[in-house]
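Starting from the known structure of chain A, fit chain B onto it as the hints suggest.
One letter stands for each residue in the lines below.
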Amino acid sequence: MTDAIIETEHLSRHYGELNAVDDLSLRVECGQIFGFLGPNGAGKTTTIRMLLGLIRRDCGTIRIAGHDLASSRREALARVGSIVETPALYLNLTGRQNLAVTCHMRGVDKSEIDRVLDIVDLTKDANRKASEYSLGMRQRLGIARALLGQPELLVLDEPTNGLDPAGIREIRQLIADAPARFGTTILVSSHMLSEVEQMASHVGVMNQGRLLFQGTLTDLIRTAPHRLEIRIDNPSRARTALVKNWPNAEITGAGLVLPGVNEAEAAAINRQLVEAGFAVTGLAIKPPALEDIFLSLTGENK
Amino acid sequence: MIGVLLADLIKLRGSLVLLVMAVPPVMMAVLGVLVIISGNGAGDWPRTTLSGTAIWAYFLLPMTATGLTALLAQLEHSTGVWSHILATGTPRWQIFLSKGLIAFGLMGATSLLVGVAIFTSGHVGGLVMPAEALEGVPPYGQVAYILMKMWVASLLVTAFQLAIALRFASFALPVSVGIGGTFVAVAATSSQWGLVFPWLMPVNVLASEPERGLLAMAIGGIGGLVALAAIIIWLSRRDWD
Chain A
1 MTDAIIETEH LSRHYGELNA VDDLSLRVEC GQIFGFLGPN GAGKTTTIRM
51 LLGLIRRDCG TIRIAGHDLA SSRREALARV GSIVETPALY LNLTGRQNLA
101 VTCHMRGVDK SEIDRVLDIV DLTKDANRKA SEYSLGMRQR LGIARALLGQ
151 PELLVLDEPT NGLDPAGIRE IRQLIADAPA RFGTTILVSS HMLSEVEQMA
201 SHVGVMNQGR LLFQGTLTDL IRTAPHRLEI RIDNPSRART ALVKNWPNAE
251 ITGAGLVLPG VNEAEAAAIN RQLVEAGFAV TGLAIKPPAL EDIFLSLTGE
301 NK
Chain B
1 MIGVLLADLI KLRGSLVLLV MAVPPVMMAV LGVLVIISGN GAGDWPRTTL
51 SGTAIWAYFL LPMTATGLTA LLAQLEHSTG VWSHILATGT PRWQIFLSKG
101 LIAFGLMGAT SLLVGVAIFT SGHVGGLVMP AEALEGVPPY GQVAYILMKM
151 WVASLLVTAF QLAIALRFAS FALPVSVGIG GTFVAVAATS SQWGLVFPWL
201 MPVNVLASEP ERGLLAMAIG GIGGLVALAA IIIWLSRRDW D
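Chain order of the listed sequences is A and B. According to this note's numbering, numbering within the first sequence proceeds without interruption in unit steps and concludes at 302. According to this note's numbering, numbering within the second sequence proceeds without interruption in unit steps and concludes at 241.
In short, the hints are calculated from the structure, not lab data. Idealized CB from N, CA, C, for every residue including glycine. Careful: at least some of the hints might be erroneous.
What the hints assert, rightly or not - Derived list of chain A stretches under chain B, where covered just means 3 residues or more per stretch with a C-beta under 8 Å from a C-beta of chain B:
(1) 54-62
(2) 79-89
(3) 92-104
This is chain A alone, in the form it adopts within the complex:
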C-alpha cells in the first residue's frame, strides 16, 4: 500500500446543531491529485481548516505524513503548503517581500524565493507591489508561497475562484503538473466537477458533512449505475414487453433506455427481446455522465 500523506479517522466538527463535518475518514496517498468535491456548504473548507490546524475538531484524528496533528503540529504542518479561500497577501509589500515573510516564518532558505517565482512565472514582476497584481498574479504568488520549502503536500481551497478562463487554465495546468515536477501531493477542493475532472487522479465527494465517496474517477464512474441503450424496431411494444422487470425503461427516438443495468442484465434483456420477435439492431451499455453521478451522490438532482 502507498504511504498516506493525509489520514483522518472519524473526524467530526459540529457548530451547534449543524454537523459541519461528520465522521470523516479520509485517506490521500502520496503523489495523488486529490479532488475534494462537494456543493457549497458541504464541509470541505471546515475539513481543510481542521487539516491545517486552524480550527479544533470535536473528535477524530488527523495524521499528515505520519505525524499526528494534535501532538506534532509543527512537524505535520512543516510539510504542508496551503492556500485557504484567497491567496492572502500583504498588499503593501512586493511579491518578493511577501515570499520573504513566509521564508522567515517557516525557516526556509531565501534562495527558495527565486525558484518558486520562476515556477509561477512571476520573476519579472517580483519587485512590484502585490497591490498592483491582477487576481491571477495574486493567485500565482499564493501558489509560489505555498511551494516554499518544497512541501510534501499542497492544500488548495478553491484555487480558481474568481479567475477568468485564462487564469483558470493557467492554475489548473500548474496544479496538474505539480506532482511530476515537484513530487508534491495535492488536495484541491472545488464545487466544480468539470474543473476537478481535468486535474485530479482521485476524488472525494462530500455533502452535508459526510464523505460519500473516495477513490479514482474511474472507480466513481464504474460504481455508478450505467444505462442500457437499445435500438429496436418497435420501441413502444418492446417497452410493454419489458415493463414487468424494467418499469423505468424509457422510449427515446428509435429505441429504449434502461437505467441501472449491468452487463449480465443486458444479455438477459437482449435474449428476452429477440425471443419475443423484436429486431434488436443495437445494444450499448453507457456510463452516466460524471456530472450526473456527482449530482446523484450529493442529492442535487432531486
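Then chain B, alone, in the frame of chain A:
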C-alpha cells in the same frame, strides 16, 4: 522566534504603521517651536521639556498606542492572512509574542523620537527667535529617564489595545476604545480610579508623589507583561475561522 520577528518587521515596510510612528514627534516638534516663538512658553529648558512629556503622556502616547496596535493588527486582518500564517506550523505563541514585542518596541522607538523632537523644538525655537531662546541647560538625561518610565508604564495600555485589535477584525472597535480611554483618563486623573486606570499609567509617572509614580510603573509595566502573556494564551487557544 527570530524568524517570526523578522517577518513581522518586513510587514511594516510601506505600511501606515511607520507613518503613525512619525506623527507624534512631528507634532511635538512643530508645537514646541510655535510655543517658543510665540513668547508664551515656560522660558526655560526644564519646564518646557516637562510640558512636552506631559502632552505626550496625556494624549499622544495613548493615541499612538491605539493607532499603532490597530494598524499592526490590520496588516493581518485582510481576508485569509491569519489562516495563512497560522497554517505555516509556526507555534502560535511565537506569532502572538512577536506581535506584542513589535508593538512594545514601536512604542519605545516612538518615545525616543518624541524625546528627540522635544529637544529639537527647543533648539530650533531659540534659533528662529533668539530673544525667546530657552534658559538653562537642556535636561537630556532627566527627560530620557521620564520617557523611559512612561514607556514602561504604557505597556499595559499597549497590550490591552493590541488584544482588542488582534481579536476583532474591525478597525473602528480598537480605535473607539482607545479614544474613549484617553478621554475618560482626563476625567479620572484626580479620582482614586486614576491610580489603576491603564490609560493614566504614563501620566501617573509625572505625579509629585513618588509612590504614585512607582505604582504606575509596577501596574503598567508588570501588568503589561502579564497582559501580554494572557493575550498569547487566549489567542493561541481560539479557533481562527
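Structure-based check of all given hints:
1. 54-62: As far as the region 54-62 of chain A goes, the hint holds, because 3 residues have Cβ atoms under 8 Å from chain B.
2. 79-89: It holds, with 9 qualifying residues against the three required.
3. 92-104: Coverage by chain B holds for the region 92-104 of chain A (7 residues, Cβ < 8 Å).
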